[in-house]
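Can you make the complete structure from the sequences, with help from the hints?
What follows is the residue order along each chain.
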Amino acid sequence: MSTANAAAAPAADFQTGRPKALETHPFYRRLINALFSVLSLCIFVPFLLVVVSSFSSEDSILKHGYQFLPERWSLAAYRLVFQSPAILMKAYGVTVYVTVVGTAAGLLLTAMTGWVLSRRDYKYNRQATFYVFFTMLFGGGLVPFYILMTQYLHLKDNLLAIIIPGLLSPFHIMIMKGFLAKMPFEMIESAKVDGSSEMRIFFTMVLPLSTPALATLGLTIAFNYWNEWFNAMLFIDKPNLVTLQLLLVRMLNTIEYLTANTEFVKQLNIDVSHLPKYSVRMAMAIMAAGPMLCIFPFFQRYFVAGLTLGSLKG
Amino acid sequence: MKRKSLWLAAVMVFVLVLSACGSNGSDGNNGGSAGKGGNAAAQPEANDTANSSANTPEDTAPALEPVKLKWYYVQFGIPQDQQAVSDAFNAMTQKLINTTVELVPIDGGDYENKLNTLVAANDDFDLVWTSSWLFKYVDNVNKGAFMEITDEMLDKYAPTIKSSFSDVAWNDVKVKDKLYAIPNFQTFTKTPGFVIQKRFVEKYNFDVSKVKTYADLEPLLEQIKKNEPGVVPFAINKDQTMLNEAYGLQWLGGVHYRLSDPFTVIDPLQTEEYKTHVNLMRSWHDKGYINEDAATVTDLKPLLASGNVAVTQDFTLAPGSEAGRKADFGGNDVVYVPIAEPTFTGVTPTMNAINYNSKHADRALMLLELLNTNSDLFNLLTFGIEGKHYNKVGDNTIKIIDKGGYANNSGWIFGNVTKGYLLEGQPADTWERVKKLNDEATVPAISGFNFNGEDTKAEGANMDALSKEYGPGLETGTIDPAKYLPMVIEKMKKVGSDTVLKAKQKQLDEWAAANGKK
Amino acid sequence: MKRAFPFLRGKNGELSLLFLPGFLFFLVMSYVPMVGIVIAFKDYNLRKGIFGSEWVGFDNLKFFFISDTAWRVTRNTILYSLGYIFVTLIVSLALAILLNELTKRWIKVHQTIMFLPYFLSWVLVSYITNAFLDHQNGFLNAVLAGFGLEKIEWYFGAQYWPFILNIVHLWKAVGFSVLLYYAGIMGIDQSYYEAARIDGANKAQMARSITIPLLTPLITILLILSIGGMFRGDFGLHYFIPNNTGLIYSSTDIIDTYVFRALRTLGDISMSAAVGLFQSIVGLVLVLLSNLLVRKINDENSLW
Numbered sequence: 001m002s003t004a005n006a007a008a009a010p011a012a013d014f015q016t017g018r019p020k021a022l023e024t025h026p027f028y029r030r031l032i033n034a035l036f037s038v039l040s041l042c043i044f045v046p047f048l049l050v051v052v053s054s055f056s057s058e059d060s061i062l063k064h065g066y067q068f069l070p071e072r073w074s075l076a077a078y079r080l081v082f083q084s085p086a087i088l089m090k091a092y093g094v095t096v097y098v099t100v101v102g103t104a105a106g107l108l109l110t111a112m113t114g115w116v117l118s119r120r121d122y123k124y125n126r127q128a129t130f131y132v133f134f135t136m137l138f139g140g141g142l143v144p145f146y147i148l149m150t151q152y153l154h155l156k157d158n159l160l161a162i163i164i165p166g167l168l169s170p171f172h173i174m175i176m177k178g179f180l181a182k183m184p185f186e187m188i189e190s191a192k193v194d195g196s197s198e199m200r201i202f203f204t205m206v207l208p209l210s211t212p213a214l215a216t217l218g219l220t221i222a223f224n225y226w227n228e229w230f231n232a233m234l235f236i237d238k239p240n241l242v243t244l245q246l247l248l249v250r251m252l253n254t255i256e257y258l259t260a261n262t263e264f265v266k267q268l269n270i271d272v273s274h275l276p277k278y279s280v281r282m283a284m285a286i287m288a289a290g291p292m293l294c295i296f297p298f299f300q301r302y303f304v305a306g307l308t309l310g311s312l313k314g
Numbered sequence: 001m002k003r004k005s006l007w008l009a010a011v012m013v014f015v016l017v018l019s020a021c022g023s024n025g026s027d028g029n030n031g032g033s034a035g036k037g038g039n040a041a042a043q044p045e046a047n048d049t050a051n052s053s054a055n056t057p058e059d060t061a062p063a064l065e066p067v068k069l070k071w072y073y074v075q076f077g078i079p080q081d082q083q084a085v086s087d088a089f090n091a092m093t094q095k096l097i098n099t100t101v102e103l104v105p106i107d108g109g110d111y112e113n114k115l116n117t118l119v120a121a122n123d124d125f126d127l128v129w130t131s132s133w134l135f136k137y138v139d140n141v142n143k144g145a146f147m148e149i150t151d152e153m154l155d156k157y158a159p160t161i162k163s164s165f166s167d168v169a170w171n172d173v174k175v176k177d178k179l180y181a182i183p184n185f186q187t188f189t190k191t192p193g194f195v196i197q198k199r200f201v202e203k204y205n206f207d208v209s210k211v212k213t214y215a216d217l218e219p220l221l222e223q224i225k226k227n228e229p230g231v232v233p234f235a236i237n238k239d240q241t242m243l244n245e246a247y248g249l250q251w252l253g254g255v256h257y258r259l260s261d262p263f264t265v266i267d268p269l270q271t272e273e274y275k276t277h278v279n280l281m282r283s284w285h286d287k288g289y290i291n292e293d294a295a296t297v298t299d300l301k302p303l304l305a306s307g308n309v310a311v312t313q314d315f316t317l318a319p320g321s322e323a324g325r326k327a328d329f330g331g332n333d334v335v336y337v338p339i340a341e342p343t344f345t346g347v348t349p350t351m352n353a354i355n356y357n358s359k360h361a362d363r364a365l366m367l368l369e370l371l372n373t374n375s376d377l378f379n380l381l382t383f384g385i386e387g388k389h390y391n392k393v394g395d396n397t398i399k400i401i402d403k404g405g406y407a408n409n410s411g412w413i414f415g416n417v418t419k420g421y422l423l424e425g426q427p428a429d430t431w432e433r434v435k436k437l438n439d440e441a442t443v444p445a446i447s448g449f450n451f452n453g454e455d456t457k458a459e460g461a462n463m464d465a466l467s468k469e470y471g472p473g474l475e476t477g478t479i480d481p482a483k484y485l486p487m488v489i490e491k492m493k494k495v496g497s498d499t500v501l502k503a504k505q506k507q508l509d510e511w512a513a514a515n516g517k518k
Numbered sequence: 001m002k003r004a005f006p007f008l009r010g011k012n013g014e015l016s017l018l019f020l021p022g023f024l025f026f027l028v029m030s031y032v033p034m035v036g037i038v039i040a041f042k043d044y045n046l047r048k049g050i051f052g053s054e055w056v057g058f059d060n061l062k063f064f065f066i067s068d069t070a071w072r073v074t075r076n077t078i079l080y081s082l083g084y085i086f087v088t089l090i091v092s093l094a095l096a097i098l099l100n101e102l103t104k105r106w107i108k109v110h111q112t113i114m115f116l117p118y119f120l121s122w123v124l125v126s127y128i129t130n131a132f133l134d135h136q137n138g139f140l141n142a143v144l145a146g147f148g149l150e151k152i153e154w155y156f157g158a159q160y161w162p163f164i165l166n167i168v169h170l171w172k173a174v175g176f177s178v179l180l181y182y183a184g185i186m187g188i189d190q191s192y193y194e195a196a197r198i199d200g201a202n203k204a205q206m207a208r209s210i211t212i213p214l215l216t217p218l219i220t221i222l223l224i225l226s227i228g229g230m231f232r233g234d235f236g237l238h239y240f241i242p243n244n245t246g247l248i249y250s251s252t253d254i255i256d257t258y259v260f261r262a263l264r265t266l267g268d269i270s271m272s273a274a275v276g277l278f279q280s281i282v283g284l285v286l287v288l289l290s291n292l293l294v295r296k297i298n299d300e301n302s303l304w
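Protein chains in written order, with our numbering: chain U, 1 to 314; chain B, 1 to 518; chain X, 1 to 304.
Hint data in this document are derived by calculation from the structure and do not stem from the laboratory. Glycine residues also receive a C-beta, built at the ideal position from the N, C-alpha and C atoms. Among the hints, a few may not be true.
Stated by the list, open to error - No farther apart than 20 angstroms at their CA atoms in a straight line, the calculated lysine-lysine pairs in the PhoX-like style are these:
| hint | chain 1 | residue 1 | chain 2 | residue 2 |
| --- | --- | --- | --- | --- |
| 1 | U | Lys266 | B | Lys436 |
| 2 | B | Lys287 | X | Lys151 |
| 3 | B | Lys68 | U | Lys156 |
| 4 | X | Lys11 | U | Lys123 |
| 5 | X | Lys48 | B | Lys359 |
| 6 | X | Lys11 | U | Lys192 |
| 7 | U | Lys156 | B | Lys70 |
| 8 | B | Lys435 | U | Lys266 |
| 9 | B | Lys156 | B | Lys359 |
| 10 | U | Lys238 | B | Lys70 |
| 11 | X | Lys62 | B | Lys457 |
| 12 | U | Lys266 | B | Lys326 |
| 13 | B | Lys403 | U | Lys90 |
| 14 | B | Lys68 | U | Lys238 |
| 15 | B | Lys136 | U | Lys266 |
| 16 | B | Lys491 | X | Lys62 |
| 17 | B | Lys178 | B | Lys203 |
| 18 | B | Lys494 | X | Lys62 |
| 19 | U | Lys266 | B | Lys301 |
| 20 | B | Lys136 | B | Lys178 |
| 21 | B | Lys162 | B | Lys225 |
| 22 | B | Lys493 | X | Lys62 |
Claimed, not checked - Okay, the calculated beta carbon distance ranges per label pair:
| hint | chain 1 | residue 1 | chain 2 | residue 2 | range |
| --- | --- | --- | --- | --- | --- |
| 23 | B | Gly230 | X | Gln159 | 29 to 35 angstroms |
| 24 | U | Val100 | X | Glu54 | 44 to 50 angstroms |
| 25 | B | Asp81 | X | Phe58 | 32 to 38 angstroms |
| 26 | B | Thr150 | X | Val285 | 49 to 55 angstroms |
| 27 | X | Pro162 | B | Asp261 | 43 to 49 angstroms |
| 28 | X | Gly146 | B | Asp261 | 53 to 59 angstroms |
| 29 | U | Gly195 | X | Asn166 | 51 to 57 angstroms |
| 30 | U | Met199 | X | Gly236 | 38 to 44 angstroms |
| 31 | B | Glu490 | U | Ala104 | 38 to 44 angstroms |
| 32 | X | Phe163 | U | Val52 | 25 to 31 angstroms |
| 33 | B | Asn396 | U | Arg72 | 41 to 47 angstroms |
| 34 | X | Asn166 | U | Val100 | 33 to 39 angstroms |
Pasting the structure below:
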């Protein structure tokens, strides 16, 4: 970690990419690291509980509740989840597809819109910003939205019904605007003098330089698509076009309805034996959140790369 | 400046044009059924006469014109092999009544949210499953979502269905004397009472025949608490409200009343009986008889399955089903202790309704009639395809193949369950027993009455919120009734519980008068 | 096209072209459905459609205001929103600045861990909190019992929940906020810091006079946005985490959860539309006010 920084004095500390002169005293660095380690532990521990619970046997949980060291380990929960893999695999496929397409398109559109709004020299800046922002506060509600999507755009049972609504969000646009506002204006000016159009400037200069912003927002947009279930519930009837999170939410709602109406469940003889138990719920949770969790460390790399590039240039 | 306002104007015009198109669109739908409200019933009649006049010369030959129907219904877990069953189903319906049916199962977890939106947005479908507890029937009737089914329509298209239900049953489905859904025939009785693990009954020589109310359980609970560590004497969850019959009360059609005086609506919270009950629950809670998390837990099944619960309550003690409950209680035998005679519950737990703007109400009714008469069709939709989804083990008995891909056994959604196969292990005369029990069950005095809460919905919404907030705590003894009961009654009064009570009484009086005070 | 619409020529024209997809998106997805706002003032009847239904003015809000719960849930909504905004701001900003001091490898590790809770939906988080707070089996009570202390009935005590909800909210939100601020810090030119060092400033002074001021545009935008949403609560957080327990509604219930429960059974669109509109209008007023305030202080940082 913080090894022999004391003696040598190179121009930049290879570990932090910062000029040596700005380096923190190793003592403080270790102190801060300790603080973060404690915090990270606190944050991580609940997570651990979910993972461990998914590997516990059902009656351990029933008898002793959630424990970090369950009385009995078991793979039964995962076996149950995987026994009908077809549904799960299809949901994975759909979710990945929606996430990839949605994030790519949404990120581009967000960057374009955010860029325009960040230009103080744009004649219609104030109006455009208000136009976008107003939609964050006011909405027509569920029914008009549903009517629009099904009766005018004819998007029932179509994956576009999940992708399109999530492409742009005023919140993301505003964040992008905040980041891009820091683009050095002189750079733009000189490019214009050279005769570039705004389009060219955007695609050849702005996009490459805003990697941290793109990475951050890309991640958020991807995350929103990955967790999307509401539009899927409304517009998708075909069982092989459902998303992963929708399966989870359905399961929980079903449990709630059936347990609140046991009277009718008994009378109608509804078979509730296949409702997932505690350990299975945890297993499904891991399956649903898992992929995103694995992707993030890879995103990290782009992040750090973009950063060093930026600082070297500066 | 001028340019800016030009833009603005352009946007506004655009929006206005689109919204005008929108209103034309939706009015177009309504316009088809002759505009607002009341003529909805007239329209299908016109269709009917058109169709039937074309068909009267030939009634058996499939000279019916081809029709496509769409049917939304609930499933708790969408079957994997739905497509195969749908195809086979359509092959049959095509042959029988020249109809293709788009079967759209919707998962139970989504059902209410999704269908509420579909209905509000005037979505295009013909049949929809409804009930008194999920996607509530009366609320939807009040919203105008369902088409009225007239007596003539029943006579013409669904005569068997008509005759399989008694007048009492039909009255139960009627709202303001009009019929808006077709019930599915199955068990219509409920028997409230307690469920006790057999081994405790035997160990402590507890005389279950003497149990008529909660207090009668106390001696047993005391013994369990004293001698059986680790066993919960009495377990309930936050949604299990008090068994009304234990105190001579009853709840039906949205109103509470005393069995001794069924035509007077009472506010259960203000009764002496309720006070007695919550005080009893409180003392049981303090003595440790009730499971600690009763007020917060929704799912009691895991606790019951651990085998460590002595007594719990139940609304539907179906005679003869004790054996099947063993697994629920961790493999221990149980004893049913009913505290009232089997009562007719009404037929509203499972029904199918017709969308008010469906263009093929006649054909929809014909389809339902088929599912009530044609066993092959009913069994196909309920159990799937023989050999693939189930195996026959007897004349009329089958065994469902567990991972076959169509194992939901939800005949209660589609039609008359007595037309279907029996499951392995069920006695051969099960359907006869069900019919007998239905016929012999006590019919509550106000059976058929349904309170219409439309005019008091603001008060109702708030009262509902209050019950959810304090109900579980009071009825599980978790909060002190001496302090909270008066407070809750006070709050309820403030949001209008008296207004609602008066409205209920008024409606009941009117109904009783109109029906000769049965 | 440039000749037909003279105001599209040049820089502004090209920028407007870049803005066009966004413009169309919001037009179709947000502004067209906005005609549905009238539902808030009507008694929506599905047979009559949006425009045929009867006008009832402000009657739909009646149910909300006759209950004395209205005051309670509004108070909760506002207080919680303020709490979340400021707790997250202060903690995340502090952590982002501190994080900057570590080596690349540790930054990566800590950031990843801090971000993990962000990926869980509130339903899943409720399982976790339940595992900690459950009266009989919960981890916290087990620890208390281990120390010989009495178990606390968390789900029955309204006084614990402002803290519980703030902690849980922070746990879930800190990763993303720290990332945002950290990315912002990355964009600050190193030469500022070098110059300050030459002048003899220490780290704390640098943070105060360089980092925070240069991050102000970002912070301001996020603040204004959050204030606009103040009348809306995080539904998932307030519905799932308290496990929908009635006894603690006095301190966990917000406008959204109250309306949801009250109207779920009724499925009444008009009433929920009315409350939604009420929330939107208050939000708009708050945003306009705060934007005005910011504009007075520093024109550059305001939203428009």
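Q. Broken hints, numbered, in rising order?
A. 17, 21, 25 and 31
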